[in-house]
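With these hints in hand, go ahead and build the complete structure from the sequences.
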Amino acid sequence: MEKREPTEFEQRVYDATCRIPKGKVTTYKLLAAEIGCGSSQAVGQALKRNPFAPEVPCHRVLRTDLSIGGFYGQTQGREILRKKKMLADEGVELDGHGRVARDLVFEY
DNA sequence: GACATGACCCGCG
DNA sequence: CCGCGGGCCATGT
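Reminder that position 104 of the first sequence reads as 104 in our numbering, one-by-one numbering, no gaps.
Calculated directly from the structure, the hints in this document are not laboratory data.
All C-beta atoms in this analysis are idealised placements derived from N, C-alpha and C, irrespective of residue type, glycine included.
Incorrect hints may have been included.
Label-pair ranges, simulated between beta-carbon atoms [to be verified]: (1) D65 - M86: 31 to 41 Å; (2) F106 - A42: 17 to 27 Å; (3) E8 - R78: 24 to 34 Å; (4) G77 - G36: 26 to 36 Å; (5) T64 - K85: 21 to 31 Å; (6) K22 - R78: 21 to 31 Å; (7) G73 - S39: 35 to 45 Å; (8) R102 - E5: 28 to 38 Å; (9) H97 - Q11: 31 to 41 Å; (10) R78 - G36: 31 to 41 Å; (11) G91 - E5: 13 to 23 Å.
Pairs of lysine to aspartate or glutamate residues, derived as DMTMM-like cross-links and limited to a Cα-Cα distance of at most 25 Å, are as follows [to be verified]: (12) K24 - D89; (13) K85 - D103; (14) K29 - E55.
Take a look at the structure:
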């Protein structure tokens, strides 16, 4: 078992994630574009590990279609339910389709 | 260095 | 509207 220290790429992801103001959200694609990555999937990889939780508000990162996405390695389940709860607590509520309003998305 | 995995995205039918 | 397949990037084995 090797030590998996956070890479520079992951640090950029965490840094950008921390910049998201409360009550707002962002998407993997926007995050990827900000840190200079053409793939949002790599961003998700870094967040799923999220060794800095809850220091890093990864729950504010949603998919491009503004759906929840995943949380702690799960795309559905208790952790996801918790994620929705945290967002609602910050003023970000989901509609009947599990999506948030476009104007709640924070663009860099 | 090659193969497999993933909290994704986009286009097509 | 739904499902399928390909593409992209970084990580871990």
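Checked hints:
no.: 1; hint: D65 - M86: 31 to 41 Å; verdict: 20 Å, violated
no.: 2; hint: F106 - A42: 17 to 27 Å; verdict: 20 Å, holds
no.: 3; hint: E8 - R78: 24 to 34 Å; verdict: 33 Å, holds
no.: 4; hint: G77 - G36: 26 to 36 Å; verdict: 32 Å, holds
no.: 5; hint: T64 - K85: 21 to 31 Å; verdict: 23 Å, holds
no.: 6; hint: K22 - R78: 21 to 31 Å; verdict: 23 Å, holds
no.: 7; hint: G73 - S39: 35 to 45 Å; verdict: 19 Å, violated
no.: 8; hint: R102 - E5: 28 to 38 Å; verdict: 37 Å, holds
no.: 9; hint: H97 - Q11: 31 to 41 Å; verdict: 34 Å, holds
no.: 10; hint: R78 - G36: 31 to 41 Å; verdict: 34 Å, holds
no.: 11; hint: G91 - E5: 13 to 23 Å; verdict: 35 Å, violated
no.: 12; hint: K24 - D89; verdict: 12 Å, holds
no.: 13; hint: K85 - D103; verdict: 19 Å, holds
no.: 14; hint: K29 - E55; verdict: 21 Å, holds
Hint compliance for this structure: hints 1, 7 and 11 are broken, all remaining hints hold.
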